[in-house]
Amino acid sequence: MANPNGIGASVRRREDARFLTGRGTYTDDINRPGQTHAVFVRSPYAHARITGIDAAEAMQAPGVIAVLTGADMEADKVGSLPCGWQIHSKDGSPMKEPPHFPIARDRTRYVGDAIAVVIAETREQAKDAAELVMVDYEELPAAVTSLKALEGGAPLVHDDVGGNVCFDWHLGDAAAVDAAFAQAAHVAKLDLVNQRLVPNAMEPRAALGEYDRATGEHTLTTTSQNPHVIRLLMGAFVLGIPEHKLRVVAPDVGGGFGSKIFHYGEEAVVTWAAKKVGRPVKWTAERSESFLTDAHGRDHVSHAELAMDRDGNFLALRVSTIANMGAYLSTFAPSIPTYLYATLLAGQYKTPAIYAEVKAVFTNTVPVDAYRGAGRPEACYLIERLVEVAAAETGIDKAELRRRNFVPASAMPYQTPVALQYDTGDFAKNLDIALPLVDYDGFAARRGESARRGKLRGIGFATYIEACGIAPSNVAGALGARAGLYESAEVRFHPTGSVTVFTGSHSHGQGHETTFAQLVSERFGVPIENVEIVHGDTSKIPFGMGTYGSRSLAVGGSAIVKAMDKVERKAKKIAAHMLEAAEADIEVKDGRFVVAGTDKALTIGDIALQAYVPHNFPLDELEPGLDEQAFYDPKNFTYPNGCHVCEVEIDPDTGVVQVVSFAAVDDFGRVINPLIVEGQVHGGLVQGIGQALYENCVYDEDSGQLITGSYMDYCMPRADDVPSFTVRYHEDQPCTHNPLGVKGCGEAGTIGASAAVMNAVVHALSEYGVTHLDMPATPERVWQAIRRHTPAQAAE
Amino acid sequence: MYAFTYHRPKSVADAVALLGQFEDPKLLGGGQTLLPTLKQRLARPSDLIDLGQIPELQGIREEAGGLTVGAFTRHAEVAHSETVRRVIPALASLAEGIGDRQVRNMGTLGGSICNADPSADYPAAIVALKATVRTDRREIAGDDFFTGMFETALEPGEIVTAVHFQKPDKAAYAKFRNPASRYAIVGVFVAVFGSEVRVAVTGAGPSVFRADDMEAALAQDFRADALNGASVSAAGLNADIHASADYRAHLVRVMARRAVEACG
Numbered sequence: 001m002a003n004p005n006g007i008g009a010s011v012r013r014r015e016d017a018r019f020l021t022g023r024g025t026y027t028d029d030i031n032r033p034g035q036t037h038a039v040f041v042r043s044p045y046a047h048a049r050i051t052g053i054d055a056a057e058a059m060q061a062p063g064v065i066a067v068l069t070g071a072d073m074e075a076d077k078v079g080s081l082p083c084g085w086q087i088h089s090k091d092g093s094p095m096k097e098p099p100h101f102p103i104a105r106d107r108t109r110y111v112g113d114a115i116a117v118v119i120a121e122t123r124e125q126a127k128d129a130a131e132l133v134m135v136d137y138e139e140l141p142a143a144v145t146s147l148k149a150l151e152g153g154a155p156l157v158h159d160d161v162g163g164n165v166c167f168d169w170h171l172g173d174a175a176a177v178d179a180a181f182a183q184a185a186h187v188a189k190l191d192l193v194n195q196r197l198v199p200n201a202m203e204p205r206a207a208l209g210e211y212d213r214a215t216g217e218h219t220l221t222t223t224s225q226n227p228h229v230i231r232l233l234m235g236a237f238v239l240g241i242p243e244h245k246l247r248v249v250a251p252d253v254g255g256g257f258g259s260k261i262f263h264y265g266e267e268a269v270v271t272w273a274a275k276k277v278g279r280p281v282k283w284t285a286e287r288s289e290s291f292l293t294d295a296h297g298r299d300h301v302s303h304a305e306l307a308m309d310r311d312g313n314f315l316a317l318r319v320s321t322i323a324n325m326g327a328y329l330s331t332f333a334p335s336i337p338t339y340l341y342a343t344l345l346a347g348q349y350k351t352p353a354i355y356a357e358v359k360a361v362f363t364n365t366v367p368v369d370a371y372r373g374a375g376r377p378e379a380c381y382l383i384e385r386l387v388e389v390a391a392a393e394t395g396i397d398k399a400e401l402r403r404r405n406f407v408p409a410s411a412m413p414y415q416t417p418v419a420l421q422y423d424t425g426d427f428a429k430n431l432d433i434a435l436p437l438v439d440y441d442g443f444a445a446r447r448g449e450s451a452r453r454g455k456l457r458g459i460g461f462a463t464y465i466e467a468c469g470i471a472p473s474n475v476a477g478a479l480g481a482r483a484g485l486y487e488s489a490e491v492r493f494h495p496t497g498s499v500t501v502f503t504g505s506h507s508h509g510q511g512h513e514t515t516f517a518q519l520v521s522e523r524f525g526v527p528i529e530n531v532e533i534v535h536g537d538t539s540k541i542p543f544g545m546g547t548y549g550s551r552s553l554a555v556g557g558s559a560i561v562k563a564m565d566k567v568e569r570k571a572k573k574i575a576a577h578m579l580e581a582a583e584a585d586i587e588v589k590d591g592r593f594v595v596a597g598t599d600k601a602l603t604i605g606d607i608a609l610q611a612y613v614p615h616n617f618p619l620d621e622l623e624p625g626l627d628e629q630a631f632y633d634p635k636n637f638t639y640p641n642g643c644h645v646c647e648v649e650i651d652p653d654t655g656v657v658q659v660v661s662f663a664a665v666d667d668f669g670r671v672i673n674p675l676i677v678e679g680q681v682h683g684g685l686v687q688g689i690g691q692a693l694y695e696n697c698v699y700d701e702d703s704g705q706l707i708t709g710s711y712m713d714y715c716m717p718r719a720d721d722v723p724s725f726t727v728r729y730h731e732d733q734p735c736t737h738n739p740l741g742v743k744g745c746g747e748a749g750t751i752g753a754s755a756a757v758m759n760a761v762v763h764a765l766s767e768y769g770v771t772h773l774d775m776p777a778t779p780e781r782v783w784q785a786i787r788r789h790t791p792a793q794a795a796e
Numbered sequence: 001m002y003a004f005t006y007h008r009p010k011s012v013a014d015a016v017a018l019l020g021q022f023e024d025p026k027l028l029g030g031g032q033t034l035l036p037t038l039k040q041r042l043a044r045p046s047d048l049i050d051l052g053q054i055p056e057l058q059g060i061r062e063e064a065g066g067l068t069v070g071a072f073t074r075h076a077e078v079a080h081s082e083t084v085r086r087v088i089p090a091l092a093s094l095a096e097g098i099g100d101r102q103v104r105n106m107g108t109l110g111g112s113i114c115n116a117d118p119s120a121d122y123p124a125a126i127v128a129l130k131a132t133v134r135t136d137r138r139e140i141a142g143d144d145f146f147t148g149m150f151e152t153a154l155e156p157g158e159i160v161t162a163v164h165f166q167k168p169d170k171a172a173y174a175k176f177r178n179p180a181s182r183y184a185i186v187g188v189f190v191a192v193f194g195s196e197v198r199v200a201v202t203g204a205g206p207s208v209f210r211a212d213d214m215e216a217a218l219a220q221d222f223r224a225d226a227l228n229g230a231s232v233s234a235a236g237l238n239a240d241i242h243a244s245a246d247y248r249a250h251l252v253r254v255m256a257r258r259a260v261e262a263c264g
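Going down the list, the sequences are from chains A and B.
My numbering puts the first residue of the first sequence at 1, with every later residue one more than the last.
My numbering puts the first residue of the second sequence at 1, with every later residue one more than the last.
Think of the hints as simulated: they come from the structure by calculation, not from any bench.
Some hints could be false.
[What the hints assert, rightly or not] For each label pair, taking beta carbons as the anchor points, the in silico distance ranges come out as:
1. Glu139(A) x Gly59(B): 50 to 58 Å
2. Arg404(A) x Phe150(B): 55 to 63 Å
3. Arg61(B) x Arg452(A): 44 to 52 Å
4. Ala43(B) x Thr215(A): 20 to 28 Å
5. Arg85(B) x Arg404(A): 41 to 49 Å
6. Arg85(B) x Gly8(A): 49 to 57 Å
7. Phe150(B) x Arg452(A): 15 to 23 Å
8. Ala451(A) x Ser195(B): 33 to 41 Å
9. Pro141(A) x Leu42(B): 21 to 29 Å
10. His80(B) x Arg404(A): 24 to 32 Å
11. Lys77(A) x Gly148(B): 53 to 61 Å
[What the hints assert, rightly or not] Here are the computed lysine to aspartate or glutamate pairs in the EDC-like style, where the Cα-Cα straight-line distance is at most 16 Å:
12. Lys573(A) x Asp606(A)
13. Lys573(A) x Glu628(A)
14. Lys39(B) x Glu568(A)
15. Lys589(A) x Glu568(A)
16. Lys566(A) x Glu587(A)
17. Lys589(A) x Asp606(A)
18. Lys39(B) x Asp606(A)
19. Lys39(B) x Glu628(A)
20. Lys540(A) x Glu628(A)
21. Lys455(A) x Asp651(A)
22. Lys39(B) x Glu131(A)
Model, not experiment: these values are computed from the prediction.
Each residue gets a CB set at the ideal place from its N, CA and C atoms; glycine is no exception.
Construct the entire structure; sequences and hints are all you get.
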């Protein structure tokens, strides 16, 4: 009988009971005796020299304990926030890596840059006093957009970074691409912007620093997706605290979407200040502070060209991208527009030659780093928009053009011209499932029906592939990573047969407490309620790399499987001893250890008890206990892929776009919990639709002030903005190189959706001759596009 | 939020008296604008006078063929009131479209019109429905109440107690909402009183205004197509990252058409 909580079961998320009843424990919920509160004085200018800080009046304010500045940190030899990835430019020179201090020292480089921290008895007192800190600024001209920062004579964000260029990198074979373009029958070209986004996790960032004078141990509780990475970076590079004296805890975390991967200055400040003032120090961002200081996402400006032969076969792709890094390099910023972007430019297509250039630019804006999808949505958007332009220009049906150029399933494993090797994928199958699902053939009739109501209708595709399960450490290292990218797990059976699993992955919405427990329940027949998943505390879990890049199940889950393999090997030996059988005759069936061909069997609980009460135990051969640890370093990336189809209706009178249907057909390899997978897809789709239609982070181009600094101006997608989704997946292309055959599902929706929506929008507008529109397709942008292409109205 | 002293008077007279006592008092209605402003430390009133416990400011009743709505009536109450739905359904429909559910459950009619946000919905109803704004000391014609962006005809220390709306023969409100804030980028309230047609526009300009050309056209021929030749000039209209002045001018006509169509 199948385990009702095993692999493939839609087990409801066990963690939701505490989240939905308000019993989660988030960083800000934790309060310590004697705790103080930190409030940051932040720069009101995008770019200014700090010529003086006078904290005398603030120090006199009620409840104030300390006002600390960059100079105090410098005196304590606090270091710069390190960057975890190094890129080399075309000429071999390393990227420019200017220092990024937790509190600015002599210059502020974006609105929101920390200038000082006030520590007081209450948060309100700290806020009152922060207003009394007198900072003398000498305002400097700002370089706000990436294009303006590249102009000759643009203000320099860092004096020693000429032209504001962090690196000028490339990938692929330029000569082969040039040759292919010379032979092309048709070239499709596109300029496009992938706009900047604010991540907007539901829980704002927070950090609580503690110092134990008796033991010399520091504890940082923080809103992080990867506490060990924070411990390593902050301990070794910023504060000089050895790892055995530094504990980092990431308790319940309310969403990250990438923005909580990075090591932020506030974490270092509260940890450092807790020792300095001798009391715990807590900081919690307000929402407006989150807008100003969370690392933003995307912000690419690109030009792309696709060469085709007369039959529409893709010959070569040429891409040039300018990526905005913001004012400083955030932890993984350089890897996003390079190895997580350009390597995906082959998409699902067998384009034989690809060349990509990426110029990364410093600007006077908050740093830009990974945001759900991280490079891959940018790649998918570029390719899929360009393919749609190519289809329109050549008159080849857009589904057919894609099909014609897909890497066939028979060609797997497939080496792309941009470094990756896809292991599995049947892209035509995704399309075959999707087309009837959306009644592609019936589109013309639906468009006619819309037209009768005065509406425009369009249908758009996005056939995406992403590289997840990040990453083989040696490959990542060769590409510039300054860390390994394995994952850890420990599976600890207790004497009475219950289990605690310690994972290096971190759940901040992904449902690990359910999915990971299903793995254990399936393997050993342990009731799921007897499995506890522990994550997020460096004092409990083995060294782990955390959760991002849809890696938890593919890498973290594989580590759990490896640890369970070790448990099983040992349990077999114990069972053989207990059942007086040969080890080779012990089989594991439905979670029971059976002597082959007999009815003699033990449960894992029987074995665990013997392991801890070893009265009948092979002590000369085995150690007591049943507790195994494993690290898993992936052999390759995993390659989730799929076909997303969006249909929109546009009101030409107002320009309002309504998503009327959305179907996602995905290949995530093997699926452990379909309910959670579907939820991840839904969330991802909404974020992708959000980028396509609503979200846009806008800085004033001259002053560098953040214009979209609140939900009054930054438009998040809401439930009533999206249709009921049609979600399908198939499991017959499992990943070939991890033990579960899983690929990852966390980012897929976001990666495919924006392109599918925009392709549908442009298709709907095609009757006006519109060939491209930049995101977000706001009502006014759509209306202006219609107006530009309607001479009579434009003249009116 | 800065510290302030909180008061909860039981009558309008007490509230007026309190207003006169302090250096920088503020009246608190539903708090949907004032509280976020305080939280962001953008205002520093010495005293907050909560109007929520004053019976005189509550309630919806029929009066002189129209409706009188107490200043402290919350948007949700107007939206769900059987009386409003029967007498001026367009007003209930307007209230139903303000902000989101949380805003409607807290925000009040008096708070909204006294704040005079250029993109608030109620000003369009005040003007189109020939309303009279009643205060502790006088009556102000709806046409004279809004004097500019965030400005009204109220004197210092004056408290709005109720609004009387006249019952139109027919009326409808069409709103193009800001997708982020859900305020009106443009809201057009069309109301017909015998041969008189009123077209009040909110969101588009610094303050609510009447679209004279449209009123004239509709008075001649009350059909959406009658608006084809009428338009609102983009000059002087609001412009922001969500909508240019041109777009707003265009939307005024589109929303006016929709309101006329909705009048039936």
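**OP:** Tell me, in ascending order, the numbers of any earlier hints that this structure violates.
**Re:** Hints 4, 5, 7, 10, 14, 18, 19 contradicted; others consistent.
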